[in-house]
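Chains as they are written, first to last, in numbering that gives the first Met the number 0: chain A, 0 to 318; chain B, 0 to 318.
FYI, nobody ran anything at the bench for these hints, they're computed from the structure. From a predicted model like this one, the values you see are computed outputs, not experimental measurements. Treat the hints loosely; a few may be bogus.
Stated by the list, open to error - Chain B is faced by these chain A residues, among others (derived, beta-carbon under 10 Å): (1) Asn-173; (2) Met-215; (3) Arg-229; (4) Leu-313.
All residues carry an ideal CB built from backbone N, CA and C; glycine is no exception.
Number of protein chains: 2
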Amino acid sequence: MTATDPGDPAALVDAAVAGDRGALARLLTVVERGGAGAHAVGRLTYASAGSAYTVGITGAPGAGKSTLTGSLVAHVRRLGQRLAVLAIDPSSPYTGGAILGDRVRMAEHALDDGVFIRSMATRGHLGGLSLSAPEAIRVLDAAGFAWVIVETVGVGQVEVEVAGAADTTVVVVNPGWGDSVQANKAGLMEVADVFVVNKADRPGTDATVHDLESMMDLTHSEGWRPPVVRTVATIGEGSPDLWAAVDGHRQHLEASGGLVERRKARVRAELDLIVAQRLRARAESLLGKTNRITVQSEVTAGRLDPWSAADQLLAPLDP
Amino acid sequence: MTATDPGDPAALVDAAVAGDRGALARLLTVVERGGAGAHAVGRLTYASAGSAYTVGITGAPGAGKSTLTGSLVAHVRRLGQRLAVLAIDPSSPYTGGAILGDRVRMAEHALDDGVFIRSMATRGHLGGLSLSAPEAIRVLDAAGFAWVIVETVGVGQVEVEVAGAADTTVVVVNPGWGDSVQANKAGLMEVADVFVVNKADRPGTDATVHDLESMMDLTHSEGWRPPVVRTVATIGEGSPDLWAAVDGHRQHLEASGGLVERRKARVRAELDLIVAQRLRARAESLLGKTNRITVQSEVTAGRLDPWSAADQLLAPLDP
Chain A
0 MTATDPGDPA ALVDAAVAGD RGALARLLTV VERGGAGAHA VGRLTYASAG
50 SAYTVGITGA PGAGKSTLTG SLVAHVRRLG QRLAVLAIDP SSPYTGGAIL
100 GDRVRMAEHA LDDGVFIRSM ATRGHLGGLS LSAPEAIRVL DAAGFAWVIV
150 ETVGVGQVEV EVAGAADTTV VVVNPGWGDS VQANKAGLME VADVFVVNKA
200 DRPGTDATVH DLESMMDLTH SEGWRPPVVR TVATIGEGSP DLWAAVDGHR
250 QHLEASGGLV ERRKARVRAE LDLIVAQRLR ARAESLLGKT NRITVQSEVT
300 AGRLDPWSAA DQLLAPLDP
Chain B
0 MTATDPGDPA ALVDAAVAGD RGALARLLTV VERGGAGAHA VGRLTYASAG
50 SAYTVGITGA PGAGKSTLTG SLVAHVRRLG QRLAVLAIDP SSPYTGGAIL
100 GDRVRMAEHA LDDGVFIRSM ATRGHLGGLS LSAPEAIRVL DAAGFAWVIV
150 ETVGVGQVEV EVAGAADTTV VVVNPGWGDS VQANKAGLME VADVFVVNKA
200 DRPGTDATVH DLESMMDLTH SEGWRPPVVR TVATIGEGSP DLWAAVDGHR
250 QHLEASGGLV ERRKARVRAE LDLIVAQRLR ARAESLLGKT NRITVQSEVT
300 AGRLDPWSAA DQLLAPLDP
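When you get a sec, could you build the whole thing from the sequences and use the hints?
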């Protein structure tokens, strides 16, 4: 099998379910690449998925998300449960490569079958991560991981969407540099199910915890109120508390029926994205390359505005 | 005119060009809202745009981008040039509101006709910011601002795309917390035309400058090499150096023909987005709401996978 050949998806899925980590890695590459191969994998894993519980971890660059994820991995392994980590890295369309740190982290757990760590990029296709992340989670689910941690690199729109689509979303801030206010600006307050103040051995921790609690006093009058947990991820301090908070949220969701509703909303959004992507592909083939290039030249020369150009390009589709 | 009535776009454009700031603000609201009103404005401003030079400012939350932008505003006004600031905030689909800080910042320049500051959110439409940001820039261009600074809130995919689509892109990092490495992870290294180490009165500044220069030794063998500028934005220190670096990049682009190429690539990308958005709207109306809801229920009940559901929904479009 060559690097670009997805092979037989059904055989790969069977092998991954049986514990073949190489097959699992190849499946995730197929999913990441998108297109027909990814859809074949999606069809195969959809029915069997639904057992894994997903935890999103997001926050500003430098907040210590990778270190925190590492400390959770250690904690969950001590509890004897299998887990996978999916590191979402939408910036990679620019480089097209996996993160070096990913391989370093994976090496730590190379002999532990109960952990699987993988980073995922978009490979440049629009809506890519929002589509490929749930597919990748289903693959990991089918491979028998009880927990899937989805860790984001940035805090932009796509990352917030992906992390916010987890069953439980953890938002990581730091003490002392207005991080709680920045979290609010970045839309993180509204996706958070659990807050973590990481680097809680630094000055300003109490003030940051207080800021978060004050913001929640304003916004959370009923239902689940996100707890604020303090951690020092570099030494694993607070990881059990954080995991207990995640588990508390899980119990709340399961008891309230919220989990079923969240998952339904997610799959509806996924269906919308799939339909949009297919329509786009179909339309691009209909438009025709030659006409497109001619119209583009008129626009870049300033002789035609982009809206009138779109009218011209789409005219052949009218009945 | 009511708050939701875009009014007569041509009259608004004429008024904004003549210096009416209320008309300008209303035009930007029309653009932000998207749809037919935005396209009408786009058609009206396309031919007359192209004089303004755009500067993107991006970097991690907390890096001091707003403060740095403020110090640049003060510097450019001392030079006697008119400029506008567009603060890109893609997180706002969650809140749908403008940033309070925006109004605070605007108040500082309330009596200065040479400055216009405005934040812009997506209002929830897909591809929204990537479409509305260039339209907004054209409106500000037509209104006679020589410079448009595009400042982002986060460093996600959308923000990096929008900031990276400026004529000159400034990437802001801080000393001492591995920010340069994080910038690399977030894809910022590849869009940067100028680097700023802000908060350069803090320990670790030399190390961060050194990190950035080392990374560039590896990646920039020819062409423009981004200079690294030190600033302390809170006291305006380094703003003249930063502006000189921006101007240096502008001269390089103008001399090399790179500016024309950048702008052509941008308008091609914009045309693609407009076509994709129109196709989506057209397809959604074709699909029909009732059928969609039925198929959705099958998917959320687990009886149908999303890919087969997409097949069913799209079948009526086949000839």
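Okay, the hints, checked on the actual structure:
1. Asn-173: holds (9 Å)
2. Met-215: At 15 Å from the nearest chain B Cβ, Met-215/A fails the 10 Å test, so the hint is violated.
3. Arg-229: violated (19 Å)
4. Leu-313: For Leu-313/A, the interface hint holds, since the closest Cβ of chain B sits about 6 Å away, which is under 10 Å.
Hint compliance for this structure: hints 2, 3 are not met, and every other hint is.
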